[in-house]
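> In order, the protein sequences belong to chains A and B. Note that our numbering has the first sequence beginning at 1, numbered continuously upward. Note that our numbering has the second sequence beginning at 1, numbered continuously upward.
Just so you know, not all the hints are guaranteed correct.
[Unchecked claim] Example chain B residues on the side facing chain A (calculated, C-beta under 7 Å, incomplete): (1) 31; (2) 42; (3) 43; (4) 91; (5) 105; (6) 108; (7) 109; (8) 110; (9) 111.
[Said to hold, decoys possible] Listed next, the stretches of chain A that the computed footprint assigns to chain B, with coverage defined by at least 3 CB atoms under 8 Å from CB atoms of chain B: (10) 36-46; (11) 93-107.
Simulated from the structure, these hints should not be mistaken for lab results. In this text, a Cβ means the ideal position worked out from N, Cα and C, and glycines have one as well.
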Amino acid sequence: GQQLNQSPQSMFIQEGEDVSMNCTSSSIFNTWLWYKQEPGEGPVLLIALYKAGELTSNGRLTAQFGITRKDSFLNISASIPSDVGIYFCAGRFPSNDMRFGAGTRLTVKP
Amino acid sequence: DAGVIQSPRHEVTEMGQEVTLRCKPISGHDYLFWYRQTMMRGLELLIYFNNNVPIDDSGMPEDRFSAKMPNASFSTLKIQPSEPRDSAVYFCASSGLAGASSYNEQFFGPGTRLTVL
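With the sequences and hints as input, model every part of the structure.
Structural data, given as structure tokens:
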């Protein structure tokens with residue numbers, strides 16, 4: 001079946017450091033999305049990518065849709081304590097079906 | 001704007017009981033998704049609807065699970081009978097505001113945390 005491999009599983013960083021996480025898949029997606037989930041809440045969409053090679057920024061967040069359409073990365077620059085949470089990548093098929101990565105748990109130490 | 005609304009937020013029940021989870025999607029969205037989240041398996045898509053019609057229910061784990069969408073503003077996910085291994089957080093998400101740039105982006109509800117004893 002389709003699987004998304006997300007790495008790293010967890011990160012412990014110091015406030016102010018940059019963060020990078022990525023997802024790879026054996027499947028080709030037509031959309032890549034990155035979500036953040038905080039305790040007791042549902043995932044919240046951060047960035048959506050619609051074209052292979054697309055590089056999109058949202059504040060301190062930057063994400064790219066891989067050329068092969070099988071991978072994506074998310075970078076967070078100058079991390080702050082409120083960046084703490086679990087970050088999920090998701091790939092969407094043309095049918096609107098989506099698959100999620102296992103998540104990257106980010107801890108930011110002040 | 002009201003987001004996706006789910007109820008109840010927490011449910012504790014005993015094995016064998018029927019459980020019904022409810023979802024109200026964002027007004028105007030024509031896709032509705034049900035997900036289950038556990039530590040072991042992460043986020044799993046159970047079923048999704050388009051214009052109230054089930055499109056893909058291949059993620060529904062067993063016949064004990066059923067989902068309905070009687071109208072554009074309401075959906076239920078029912079588990080009967082419930083088992084301890086059904087304990088998880090169940091999310092509803094919706095997407096598809098026609099004409100919006102975010103047409104394909106799914107917006108999640110806060111989830112229902114289900115505990116089956």
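> Would you mind marking each hint as holding or not holding in the structure?
Evaluated hints:
| no. | hint | verdict |
| --- | --- | --- |
| 1 | 31 | holds, 6 Å |
| 2 | 42 | holds, 5 Å |
| 3 | 43 | holds, 4 Å |
| 4 | 91 | holds, 5 Å |
| 5 | 105 | holds, 5 Å |
| 6 | 108 | holds, 3 Å |
| 7 | 109 | holds, 5 Å |
| 8 | 110 | holds, 5 Å |
| 9 | 111 | holds, 5 Å |
| 10 | 36-46 | holds (count 6) |
| 11 | 93-107 | holds (count 9) |
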